[in-house]
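Let's have the full structure, built from the sequences with the hints guiding it.
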Amino acid sequence: MTDEGKQLLSTFETRLRHLIYLHEQQRHENAELKRQLEEKEEAHRRLQADYDELDKRYNDLKTATAISLDGSDVKETKQRLTRLVREVDKCIALLNE
Numbered sequence: 002m003t004d005e006g007k008q009l010l011s012t013f014e015t016r017l018r019h020l021i022y023l024h025e026q027q028r029h030e031n032a033e034l035k036r037q038l039e040e041k042e043e044a045h046r047r048l049q050a051d052y053d054e055l056d057k058r059y060n061d062l063k064t065a066t067a068i069s070l071d072g073s074d075v076k077e078t079k080q081r082l083t084r085l086v087r088e089v090d091k092c093i094a095l096l097n098e
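Here the sequence shown stands for residues 2 to 98, numbered as in the numbering used here.
Subject to a maximum C-alpha distance of 27 Å in a straight line, what follows is the list of computed DSS-like cross-link-like pairs (lysine-lysine):
no.: 1; residue 1: Lys91; residue 2: Lys57
no.: 2; residue 1: Lys41; residue 2: Lys57
no.: 3; residue 1: Lys57; residue 2: Lys79
no.: 4; residue 1: Lys76; residue 2: Lys57
Hints in this document: simulated from the structure, not taken from any laboratory.
Structure follows, in structure tokens:
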């Protein structure tokens, strides 16, 4: 092999090693980003569950407040009770299926 060929082979080998190094760095970064994404998704699921629970409690509180009114807003109370009855009917229908 000529000196030029040896130098080309050496340059190729150096560049190949550098590419392998860069590939490994990208793999590690990708794994870290996937781990962070999983953590964020888990945090999002927890926050969504908390939100759903608070929303349910808020609606329950609104219903309790509407029912406990002294008659000043009877129409709204009747509407809420009607919605609750419909919701219970739907639940019963689902259970019967």
